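Novice: One-letter residues, chain by chain:
Protein chains: 2
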Amino acid sequence: MPKPGPRLRLIDVAERAGVSLATASRALSGREGVSEEVASRVRQVSKELGYVANPYARTLAGGTSSTVGLVVHQVDDPYFSEIAGGVIQVAAEEGLLVQICHSGRDPDEELRQLRHLITQRVGIILIAGSGYSDPRVEAEARAQLSEFQALGGRVAVIGRHALGVDAVLPDNEAGGRALAEHLLELGHRRIAVAAGTAGLTTVADRLAGVSSALRQRGLSLDTLPVVHGDFTRDGGRVAAEQILRDHPGTTAIIALNDAMAIGVLSTMRAHRIPVPERMSVVGFDDVSVAADLAPSLTTIRLPMTDMGRMALTLALKPRSTRPRRRSTGHVLVVRDSTGPTPRD
Amino acid sequence: MPKPGPRLRLIDVAERAGVSLATASRALSGREGVSEEVASRVRQVSKELGYVANPYARTLAGGTSSTVGLVVHQVDDPYFSEIAGGVIQVAAEEGLLVQICHSGRDPDEELRQLRHLITQRVGIILIAGSGYSDPRVEAEARAQLSEFQALGGRVAVIGRHALGVDAVLPDNEAGGRALAEHLLELGHRRIAVAAGTAGLTTVADRLAGVSSALRQRGLSLDTLPVVHGDFTRDGGRVAAEQILRDHPGTTAIIALNDAMAIGVLSTMRAHRIPVPERMSVVGFDDVSVAADLAPSLTTIRLPMTDMGRMALTLALKPRSTRPRRRSTGHVLVVRDSTGPTPRD
DNA sequence: CTAGGCTACGAAAGCGCTTTCGTAAGCGCT
DNA sequence: AGCGCTTACGAAAGCGCTTTCGTAGCCTAG
Numbered sequence: 001m002p003k004p005g006p007r008l009r010l011i012d013v014a015e016r017a018g019v020s021l022a023t024a025s026r027a028l029s030g031r032e033g034v035s036e037e038v039a040s041r042v043r044q045v046s047k048e049l050g051y052v053a054n055p056y057a058r059t060l061a062g063g064t065s066s067t068v069g070l071v072v073h074q075v076d077d078p079y080f081s082e083i084a085g086g087v088i089q090v091a092a093e094e095g096l097l098v099q100i101c102h103s104g105r106d107p108d109e110e111l112r113q114l115r116h117l118i119t120q121r122v123g124i125i126l127i128a129g130s131g132y133s134d135p136r137v138e139a140e141a142r143a144q145l146s147e148f149q150a151l152g153g154r155v156a157v158i159g160r161h162a163l164g165v166d167a168v169l170p171d172n173e174a175g176g177r178a179l180a181e182h183l184l185e186l187g188h189r190r191i192a193v194a195a196g197t198a199g200l201t202t203v204a205d206r207l208a209g210v211s212s213a214l215r216q217r218g219l220s221l222d223t224l225p226v227v228h229g230d231f232t233r234d235g236g237r238v239a240a241e242q243i244l245r246d247h248p249g250t251t252a253i254i255a256l257n258d259a260m261a262i263g264v265l266s267t268m269r270a271h272r273i274p275v276p277e278r279m280s281v282v283g284f285d286d287v288s289v290a291a292d293l294a295p296s297l298t299t300i301r302l303p304m305t306d307m308g309r310m311a312l313t314l315a316l317k318p319r320s321t322r323p324r325r326r327s328t329g330h331v332l333v334v335r336d337s338t339g340p341t342p343r344d
Numbered sequence: 001m002p003k004p005g006p007r008l009r010l011i012d013v014a015e016r017a018g019v020s021l022a023t024a025s026r027a028l029s030g031r032e033g034v035s036e037e038v039a040s041r042v043r044q045v046s047k048e049l050g051y052v053a054n055p056y057a058r059t060l061a062g063g064t065s066s067t068v069g070l071v072v073h074q075v076d077d078p079y080f081s082e083i084a085g086g087v088i089q090v091a092a093e094e095g096l097l098v099q100i101c102h103s104g105r106d107p108d109e110e111l112r113q114l115r116h117l118i119t120q121r122v123g124i125i126l127i128a129g130s131g132y133s134d135p136r137v138e139a140e141a142r143a144q145l146s147e148f149q150a151l152g153g154r155v156a157v158i159g160r161h162a163l164g165v166d167a168v169l170p171d172n173e174a175g176g177r178a179l180a181e182h183l184l185e186l187g188h189r190r191i192a193v194a195a196g197t198a199g200l201t202t203v204a205d206r207l208a209g210v211s212s213a214l215r216q217r218g219l220s221l222d223t224l225p226v227v228h229g230d231f232t233r234d235g236g237r238v239a240a241e242q243i244l245r246d247h248p249g250t251t252a253i254i255a256l257n258d259a260m261a262i263g264v265l266s267t268m269r270a271h272r273i274p275v276p277e278r279m280s281v282v283g284f285d286d287v288s289v290a291a292d293l294a295p296s297l298t299t300i301r302l303p304m305t306d307m308g309r310m311a312l313t314l315a316l317k318p319r320s321t322r323p324r325r326r327s328t329g330h331v332l333v334v335r336d337s338t339g340p341t342p343r344d
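Residue numbers (full-length UniProt numbering), protein chains in the order written: chain A, 1 to 344; chain B, 1 to 344.
Treat the hints as calculated values from the structure; they're not laboratory data. Some hints could be false.
Listed next, the in silico SDA-like pairs over lysine to any residue satisfying Cα-Cα at most 20 Å (straight line) [as the list claims (entries may be wrong)]: (1) A/K47 to B/K47; (2) A/K317 to A/V334; (3) A/K47 to B/Q120; (4) B/K317 to B/S29; (5) B/K47 to A/H116; (6) A/K47 to B/E109.
This structure is a prediction, so every number in the text was calculated from the model and none was measured.
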């Protein structure tokens with residue numbers, strides 16, 4: 001609704017510097033064809049006057065859109081808000097603006113958000129969070145992103161693959177394996193999995209890691225309970241209740257993210273099942289409260305803030321030919337929610 | 001970076017509908033001077049073609065900027081990310097875009113963010129989080145917002161007052177009072193306060209509530225330890241350590257937000273001080289993990305998501321003359337972190 | 001000393017929209 | 001029938017920028 005108003009325009013800077021509009025534009029955007037002397041004079045005047053380009057005019061004129069659109073599954077989940085924090089840090093350093101969209105883990109909503117960002121002509125699109133197993137969704141997302149890139153847009157994804165774009169990827173499988181190995185070493189055999197939303201590739205990957213660790217010990221995931229919930233605290237609760245009801249011999253629960261682990265712990269408390277004495281619980285992500293839960297949570301640490309930073313940094317660097325990948329480290333953080341198998 | 005590309009423009013819609021550009025524009029933005037017949041034909045064609053206006057062109061031409069800038073103290077603090085969630089919900093319903101800026105509780109940074117949003121010409125500015133006691137900062141913020149409003153911008157603030165704009169306000173003082181009363185009723189007298197960042201009005205308000213409850217019982221806050229940290233988990237830890245060291249007789253700690261309360265609880269655990277048997281702890285805000293801590297946290301519930309929703313809704317409704325206020329309810333949620341005074 | 005080629009800059013044409021201004025058509029009135 | 005008035009619409013002028021194109025001015029070479 002801001003009306004024109006008496007704002008500083010590029011032409012004001014140009015006049016003050018005694019050059020033409022075109023030269024001023026070139027000087028400020030560091031383009032060729034301006035002598036260093038004139039360029040620095042323009043920059044000087046611009047700084048003195050406190051000139052800031054109108055982003056709408058700039059974008060309209062076919063220039064760079066300095067907006068980055070960030071699509072996340074759940075804005076108020078710490079996993080995503082930490083990623084957003086990292087993105088926002090870099091954006092602030094680069095003078096970019098971040099628009100956050102929330103898909104609620106609904107693939108169609110996600111596609112709608114993407115379409116929206118594209119028609120809104122943002123300059124960069126970042127997608128955080130797991131992809132979907134449904135090939136239709138992934139193909140559609142891929143098509144939209146290609147279209148966007150063809151228009152000159154930059155893209156990077158976080159924790160999502162197979163989209164043919166630059167990606168920052170944690171090793172979900174190795175993380176899952178590390179969790180399962182940790183429990184196996186503690187002697188657990190009756191392990192249950194509180195899995196996240198079915199149809200998310202992240203769930204499949206983490207599960208595959210668990211499965212591989214089991215196999216190495218001659219066990220199989222097929223004989224163990226895998227309860228699907230969604231990736232929220234309540235999903236964890238529901239899954240835990242089901243595990244307690246249907247698989248009473250269970251001695252350890254692997255929650256496939258920390259939000260679910262929090263739900264699992266709360267269910268254990270409600271049932272007065274001591275953790276880790278009678279039940280070990282592990283999570284995945286290491287959101288910041290994981291260390292403050294009681295018992296503190298054994299989990300896989302992912303550097304969420306860095307992942308956000310890396311993704312935007314990647315998108316900003318002009319890309320060569322093929323999609324780049326940055327792997328993030330992951331560390332098994334052993335805390336107080338896991339212990340040896342109860343002996344009785 | 002998106003280059004022009006073969007995109008659908010308003011003129012395409014206009015031609016297809018057999019009207020002029022001007023008429024099409026009027027029809028789609030619901031302005032006067034178009035017959036209902038023509039208007040509906042244009043809308044029809046627009047929908048068929050899947051036309052979406054270019055927001056940059058629209059804003060540049062002096063129309064409405066459909067971007068809302070949200071300034072928060074700390075993006076990855078659940079208190080703020082829940083507020084952001086509410087804002088994003090409403091924005092999605094209204095077809096607006098949300099830009100989130102992070103000030104890190106630095107007043108100068110906040111002013112810089114504000115200035116940035118104004119020069120970027122967003123349509124709406126929302127500021128979440130406490131104001132500052134420093135009158136210079138508040139005067140400057142107020143001046144910037146007036147300037148923005150004079151340009152036609154809409155503004156609302158969340159949990160912040162005295163800025164002369166529409167506000168969504170929790171009753172921090174009543175909340176503080178409720179917490180103190182709760183502890184007093186349980187018999188506590190040696191109460192310490194883990195206060196947030198000095199210089200924040202929210203801290204002062206919550207503290208005033210505590211003080212008023214004490215006074216009603218013939219006690220005074222002046223004789224009780226008030227330790228200032230910052231509004232983070234680590235701030236809570238530091239404050240708790242100091243309280244334990246310097247005021248060993250303390251039986252209850254009031255943390256002025258949940259993040260600090262989490263830090264306090266973790267410190268108690270580290271010192272093996274059972275909560276609530278030997279120490280009661282309360283927080284403020286009721287972020288979603290508060291219920292999942294062990295012990296679960298007694299705190300004041302604030303409807304963060306609703307606060308975000310209300311703020312944007314308020315900003316969207318054309319304002320009459322004087323600033324409007326919406327008070328949010330607050331409820332004392334008694335959980336397991338508080339209990340009667342230990343008797344020895 | 002002039003032809004040819006650079007370089008550094010200015011004039012002007014858009015980008016896609018909103019909005020002002022002008023005008024043709026339709027109305028009731030004298 | 002002629003007048004003014006209203007209504008519904010089109011033409012065109014920007015919004016503030018980027019970018020293409022054109023042209024002085026200078027340098028080098030013949």
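Novice: List in ascending order the numbers of the hints, as given earlier, that are violated by the structure.
Specialist: 1, 2
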